[in-house]
Every structure is written in structure tokens, then in C-alpha cells.
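Novice: Here are the chains, one letter per residue:
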Amino acid sequence: MARFTFFGGKGGVGKTTVSAAYALRCADAGHETLVVSTDPAHSTSDVFDQPFGDEPEPVAGHERLAAMEIDPEAEVEAHLMDIRREMEAQVSQVVVNEIDKQIEMAHETPGAHEAALFDRLIRVMREEAEGYDRVVFDTAPTGNTLRLLSLPDFLGDWVDRLIEKRAKSLDLYQKAAIGKEEPRKTAENDPIIRRLRERKEKFEFAGRTLRENAGFYLVLNPDELSVAETRRAVERLGEHGLGVSGLVINKVTPEPDEDERGRGADYLRERVERERERIAEAEETIPVPVVARIASRTGEVKGDILDDVAAELDIDVGD
Amino acid sequence: MTVVTIHEQFARFREQAAEVMHGLYHGMIEHPAFEQIEDEAMDQEDAFFFACFADAFGIPSPVSYYTAELLPYLAEDFEAWERRMWDRDSVLDWKGHFHF
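Residue numbers (this note's numbering), protein chains in the order written: chain A, 1 to 319; chain B, 1 to 100.
To be clear, the hints were calculated from the coordinates, so they are not data collected in a lab.
What you are looking at is a predicted structure, and each value in this text was computed from that prediction instead of being measured.
Think of the CB as a built atom: it goes at the ideal place given N, C-alpha and C, for glycine as much as any other residue.
Possibly wrong hints are sitting among the right ones.
Here are some chain A residues the structure puts well away from chain B; computed CB gaps all over 10 Å [to be verified]:
{"#": "1", "residue": "58"}
{"#": "2", "residue": "112"}
{"#": "3", "residue": "131"}
{"#": "4", "residue": "162"}
Going by beta-carbon spacing under 8 Å, a handful of chain A positions derived as facing chain B [stated by the list, open to error]:
{"#": "5", "residue": "1"}
{"#": "6", "residue": "175"}
{"#": "7", "residue": "191"}
{"#": "8", "residue": "207"}
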């Protein structure tokens with residue numbers, strides 16, 4: 001079975017770069033690797049200079065490496081269409097019109113994107129992951145990622161309660177049916193209970209996989225906000241029983257040489273000093289080891305530069 | 001000319017009496033009892049619907065995306081529930097027993 005690795009972090013810290021570099025290392029170490037982008041900005045295509053879609057595609061110029069990009073918007077839309085189709089098969093047009101409002105609303109809630117993304121993620125772990133040794137996720141920003149990961153626990157309980165309520169009301173309907181009269185509703189073959197059970201099973205699978213077969217790394221930059229955010233993320237992941245394996249500090253300013261003089265050099269020295277303090281703070285206050293420090297690059301990270309970054313990213317890829 | 005024996009007359013009377021008694025029993029005891037159970041079933045169902053579709057009343061729910069999947073199977077009940085919840089005083093709201 002594939003091993004899953006997640007790179008989380010605030011938007012803009014360089015998750016895509018780091019996950020692409022890590023995937024590259026895995027592939028170079030001889031593992032069949034799939035890198036999955038869930039970032040709506042879709043920068044994986046930029047990193048490899050190649051468009052990717054909803055299906056895994058080999059990355060040109062790299063052996064054993066494939067990539068795919070999940071579009072949460074498209075997932076939400078597809079889910080909506082599925083329900084509408086089912087709706088038309090089940091009920092009359094008059095009722096469809098009434099209910100459509102509710103269905104549409106459910107797909108416009110702030111949580112719809114995360115829910116759709118999470119569904120797709122589960123599918124990747126179940127289906128696309130087949131045939132790969134390593135699957136690397138470039139996850140969405142911290143807050144959303146955490147919400148996403150807390151869903152299995154939360155939804156599991158909730159589904160249990162719903163099933164209980166539903167079963168109880170169906171049982172009561174059965175008792176209320178007089179004599180030979182048909183009860184209005186019965187528990188056997190209830191499509192609602194069946195659906196809820198399927199949901200629960202899916203979330204349990206996700207929770208199990210995330211706890212037992214996945215590693216989490218957080219990417220941060222050496223600045224105050226990023227360090228504070230990462231500390232919170234580590235705590236919150238811990239609350240959900242998910243341990244963070246390491247921190248990757250990205251965009252570390254390179255130090256100027258001793259003999260360099262001038263405003264630019266002074267600026268850099270001061271900056272480097274500050275970043276050192278932040279990195280020290282991260283090391284002291286966050287109970288997770290810093291596994292890599294990656295120097296800031298002036299240009300886009302792609303091609304040879306990506307290979308350099310991969311070399312700097314000293315994270316164990318396993319055997 | 002048909003002869004109705006006293007036995008037959010008694011039998012007919014007993015039949016009619018049984019029917020009246022059953023009607024009384026059904027109306028005074030059986031039906032209200034079953035109705036109460038059905039009320040309880042509906043209350044349970046209301047709670048279920050509320051847990052699933054709280055956002056229909058403006059309460060944001062992190063699960064409404066998933067519960068929307070249930071709507072094709074719940075459509076008619078959902079519609080009735082929504083109406084009931086929005087307008088508790090309406091004659092439509094009430095669980096459908098009318099003993100005029």
C-alpha cells in the first residue's frame with residue numbers, strides 16, 4: 001500500500017515547491033510517486049511546466065513521477081449534478097423545484113469546498129493511490145486543512161446519531177401501522193440509513209489511513225506570523241491524533257559574504273539575524289524537529305532549481 | 001316469506017353490537033394510541049431533519065454538503081418538514097389529525 005505524505009502550511013509559504021521537491025526525491029530514490037495538488041491556484045503545473053488534470057499523468061523528464069491536480073470547484077459541481085440526477089429519478093418535478101433551493105444552498109456553504117476536496121482525497125487514497133509507493137499531497141492552507149482532517153471524527157459521531165434517530169422514527173412508524181395496513185415507512189432497505197452507513201465507512205477509512213499510514217510536514221517561512229501559525233497548527237493536529245513529523249523552513253534569506261559592504265548587504269545581514277531569531281523561536285517552542293531549511297530563490301522554482309531544492313530537502317523518503 | 005328465528009335475530013344484534021363496540025374502541029382507545037406513537041415518530045423525524053438540514057433555517061452546518069445527498073430520498077418529507085417548521089400555527093403544520 002502507498003504511503004501518504006502531506007505538506008501543509010499557510011498560503012504562499014511554498015507548499016507546492018516543497019511537495020514537488022519531496023516527490024522528486026521519492027521518485028529518484030526508486031519509488032513510484034504521485035504528487036497531488038489540491039491548491040486552487042494549481043501551481044504544480046507551473047513547477048513542472050506541464051498542465052495536469054484530474055487524472056494522474058507522468059511528469060515529463062522524470063522517471064517514476066506522476067502528478068494530478070484536483071479542482072475543488074469542479075468537484076462541488078459534479079456532486080451537485082449527481083444529486084440532481086438522482087433527484088430526477090426519484091421524485092416528481094414539482095417537488096424537485098422545491099428542494100432544488102436547498103441542494104443549491106448546500107453547495108454554496110463555506111464548507112462545501114473542503115467537503116468536496118475531502119471526498120476527492122479519500123478517492124485518491126482508495127483508487128488512484130493504487131500502483132504507487134508514495135503519494136504526496138500539497139494540501140490547502142492550514143485552517144482549511146485542519147477542518148478537513150477533523151471531519152472523520154466529527155462526522156462519524158454525527159452519522160451514528162442520525163442513524164439512531166432515523167431507525168427510531170422508522171420503528172415507531174411501524175408500530176403505529178394499524179392491523180393489516182402498510183406502515184408508512186420501514187427500516188429495512190431504507191436508502192437513508194444505507195447512505196449514512198456508506199458515509200460513515202468512508203470517513204472511518206480516511207481517519208484510519210491518516211492516522212496509520214500518513215506523515216505530515218508543515219512548511220513555514222522564518223517570520224513571526226508563520227511561526228505562530230505553525231505552532232497552532234501542530235497543536236490542533238495533535239488534538240486530532242495526527243502527529244507532525246517535521247517542519248520545513250522555506251525561503252530562508254542567504255547571508256552575504258563577510259567583506260560585502262553597502263546598503264543591500266546591511267539589509268540582508270539584518271534580515272538574516274531576524275530570521276535566525278524566528279527559527280530559534282520555532283525550534284524552542286514547537287515540539288517538532290526542523291527537518292529542512294531551504295534558501296530563498298529569486299526566480300520561480302522549476303527545472304534545475306527544483307533539483308537543487310530537492311537536494312536541500314533532507315527528509316527521509318523511507319525504503 | 002322468510003322466517004327469522006330468534007337465534008338469527010340475536011346473531012345479527014351481536015354482530016351490530018360488535019361493530020359499534022369496535023368502532024368505539026378504535027375511536028377512543030386504539031386510534032389515539034397509534035396516533036400518539038405516530039406523533040412521536042414525527043417528532044423523531046423532525047429532530048432528524050433538523051440535524052441534517054439546519055442550514056435551511058440559516059444555521060450554518062458543516063455537514064449540509066453531505067446531507068444534500070439524502071434529499072432525493074427525502075424530498076417529499078423534507079418539503080413538509082420545512083413547511084411545518086416555518087409555520088407552526090398553520091393548519092397544515094399539524095400532524096394531520098382532525099377530529100371535528
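Novice: Each hint: holds or not?
Specialist: Status of the hints after comparison with the structure:
The beta carbon of residue 58/A sits about 33 Å from the closest Cβ of chain B, which is more than 10 Å, so the claim that it is off the interface holds. Listed as a non-interface residue, residue 112/A fails to keep its Cβ farther than 10 Å from every Cβ of chain B; the least gap is roughly 5 Å. In this structure residue 131/A is separated from chain B by more than 10 Å, as the shortest Cβ-Cβ distance comes to about 29 Å. With a minimum CB-CB distance of about 6 Å to chain B, residue 162/A fails to clear the 10 Å threshold, and the non-interface call is violated.
Against a cut-off of 8 Å between C-beta atoms, the interface hint on residue 1/A is violated, since the closest Cβ of chain B lies about 26 Å away. With a cut of 8 Å, the hint placing residue 175/A at the interface with chain B holds, because the nearest CB-to-CB distance is about 5 Å. This hint holds: residue 191/A has a C-beta 4 Å from the nearest C-beta of chain B, less than the 8 Å allowed. Look at residue 207/A: its Cβ only gets to about 15 Å from chain B, farther than 8 Å, so that hint breaks.
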